[in-house]
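Novice: Below are the chains, spelled out letter by letter.
Number of protein chains: 2
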Amino acid sequence: MTQDLGQLRQKIDLVDTELVKLLARRKQLVACVGEIKQAAGVPIYAPDREKALLKARRQEAEAAGVSPDLIEDLLRRMMRESYQAESDHGYQCAAPSLGPIVIVGGKGQMGLLFTKLFQLSGYHVASLDLDNQDQADQLLADAKLVVISVPINQTSVIVKELAGKMNPDCLLVDLTSRKREPLAAMLAAHTGPVMGLHPMFGPDVSSLAKQVIVHTPGRAVQKFDWLLQQFGLWGARLLPSEPAEHDHMMAIIQALRHFTTFAYGTYLHSENINLKQAAEFSSPIYRLELAMVGRLFAQDSQLYADIIFSSTEGKQLIRNYIEHLQQAVKLLDENDVQGFIQQFADTSEWFGPLRERLLQESSTMLERQQEHL
Amino acid sequence: MTQDLGQLRQKIDLVDTELVKLLARRKQLVACVGEIKQAAGVPIYAPDREKALLKARRQEAEAAGVSPDLIEDLLRRMMRESYQAESDHGYQCAAPSLGPIVIVGGKGQMGLLFTKLFQLSGYHVASLDLDNQDQADQLLADAKLVVISVPINQTSVIVKELAGKMNPDCLLVDLTSRKREPLAAMLAAHTGPVMGLHPMFGPDVSSLAKQVIVHTPGRAVQKFDWLLQQFGLWGARLLPSEPAEHDHMMAIIQALRHFTTFAYGTYLHSENINLKQAAEFSSPIYRLELAMVGRLFAQDSQLYADIIFSSTEGKQLIRNYIEHLQQAVKLLDENDVQGFIQQFADTSEWFGPLRERLLQESSTMLERQQEHL
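Chains A and B supply the protein sequences, listed in that same order. Okay, so the first sequence: first residue is 10 according to this note's numbering, each after it adds one. Okay, so the second sequence: first residue is 10 according to this note's numbering, each after it adds one.
There may be inaccurate statements among the hints.
Which copy? The list can't say, so a pair holds if one copy fits it or any two copies do.
Simulated crosslink set (DSBU-like; lysine-lysine; CA at most 35 Å straight-line) [unchecked claim]:
#1 K219 / K20
#2 K20 / K285
#3 K339 / K20
#4 K339 / K153
#5 K20 / K174
#6 K36 / K174
#7 K219 / K64
#8 K20 / K169
#9 K30 / K339
#10 K116 / K232
#11 K219 / K30
#12 K174 / K285
#13 K64 / K285
#14 K232 / K339
#15 K232 / K30
#16 K232 / K64
#17 K60 / K116
#18 K153 / K60
#19 K232 / K153
#20 K36 / K285
#21 K219 / K125
#22 K36 / K169
#23 K324 / K219
#24 K125 / K20
Since the hints were made in silico from the structure, they are not lab data.
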């Protein structure tokens, strides 16, 4: 039996080696596609092509007795690699005759990411940061686009300092995670075109493919057509929003969530939980939750402080949530199992069909995570 | 350019079609491996073989200019499929001469899963559930292994009812998610071998490969060697633990976590948050967190009520946590950014090197999730 097993494993190895060769071949082809797209100014992310390709291969898999989900998962993983590779060739430039772009805070992580992306698209980019304050007046006077990429709590102050230093035809945008105050500050400091942007990702993304950028209107928004088009060329998806609406969603998604994660982490610390043991005992789902908590504490505390402390609405939601928890714990104090089940049912109904979709989504995610244990 | 792009895409399609063929071939080979393993009683999950295979292909990829991480991810996904396929062939039986197995609660979801697994391994399995109470005495008298698979809050009562009905050589185990009380109840009701088990997964797993089963000692544990071996043949990983230690970890991992998820979901409901919009605005990480919440409400409320309400230690941890939150919110009330940053730094240090590992793990996970948007 050992011999048979050994022979079969050799054959499987040959198949897998064949796969490596296919990947090398595919990589070459994708590189050619990247070159052509770059020359022609076609976005690297092509949702329709992706859809058609997946559908065709799923059908072939079905016919060959192979799981369609398996081939789709493999292809999606390969496409992620392709998007990263395609971006190596640089991007088409949506406004080739634009003058200099100035990134205020260009030495920060997000500033560096956008500097790289603009440069890969052929723009002239300058950074205005703590190291070259003396050049501020000159840089701003020449700029055709100024991008504010500084911490939220400094945004308004820094924008105010720029007042009157930009030409009226210069475009002004910010990249902070709230939009009402930054937009108001920009509109007050600049008479030209203004737009608020919120890139919904961190500076560590390997590509902008499928990443969301929220844009909120300020003044003369049609002047930003080329910029939004440029984001599309980088692969990003655009989500228009009103500033108040955006900030409301961020209070929930960022301030409340980050605060409870912070509190959960400091709580585990205060109880001095044996984390190593907790990780050992963890089912994939708790491992994932623990990863979300550990993740926060591996990042910049100032960034999280900014997000949490600068959102008045967020602070109120946090207080409401704690009050809600105090109500909920009464169910335990009174051993009210029926009350728990009733609330559970009500909220379950409120979630509606999204509930099943989220269950499905998280199950798939947990299976993928299980692969890597 | 459209023509060039079209031709390149055709070539990529050919590569992908080749991939489908490779998968079909691999599937056949894996099926043969499954048959041989089943006949020889070798576990389907072979960590050493997996490691060696990944290492070899990573080296080949490197040499061919292909990302080693890409080939590893693809192979892991393919291996997950293989584990599922291998289990279709049934499993070797670790105790072929064992008499009947009785699963108390055999019509429940977990009972059905273990019934299937035992049957696929050639055991004779009977269910004792609400529909055949009249056969209880006969079934229990004949049983060589009795598996208690009922809700936690009924375990002790049901175990008590079994007292004196089993032979002293019969093995008794339970599958509930706490271990102190169930073990005590089993030891009181049965004079023979006793062991507590906690399968750390839900009944919806597609295979036991890499899934963890915790086992806690009761009485005459060496009599369970074959059973633990059987779990290994199913692909499971075994984690020994003491009942008190296990229950402490579960209070944190299950009771506290499930309760806060419940409270967060009912809170979103009470604020009547626009979930559709929240999902649109969500970065991958919040989408994932939302999925965890929605997931809970798509499941059985009674199960969660059992887990939360039956754990005295868990209830206390929940109260401590809420108290901790009330302390933490004072940072906001007093606008104490420095205090926040200090606590953040302390907990960050307490997480230690695990912090970076969890960041890495979650980033990989988020990238995988991004593939599927």
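Novice: Would you pick out the hints that fail for this structure and give their numbers low to high?
Specialist: 2, 3, 4, 5, 6, 8, 9, 12, 14, 15, 16, 17, 18, 20 and 22
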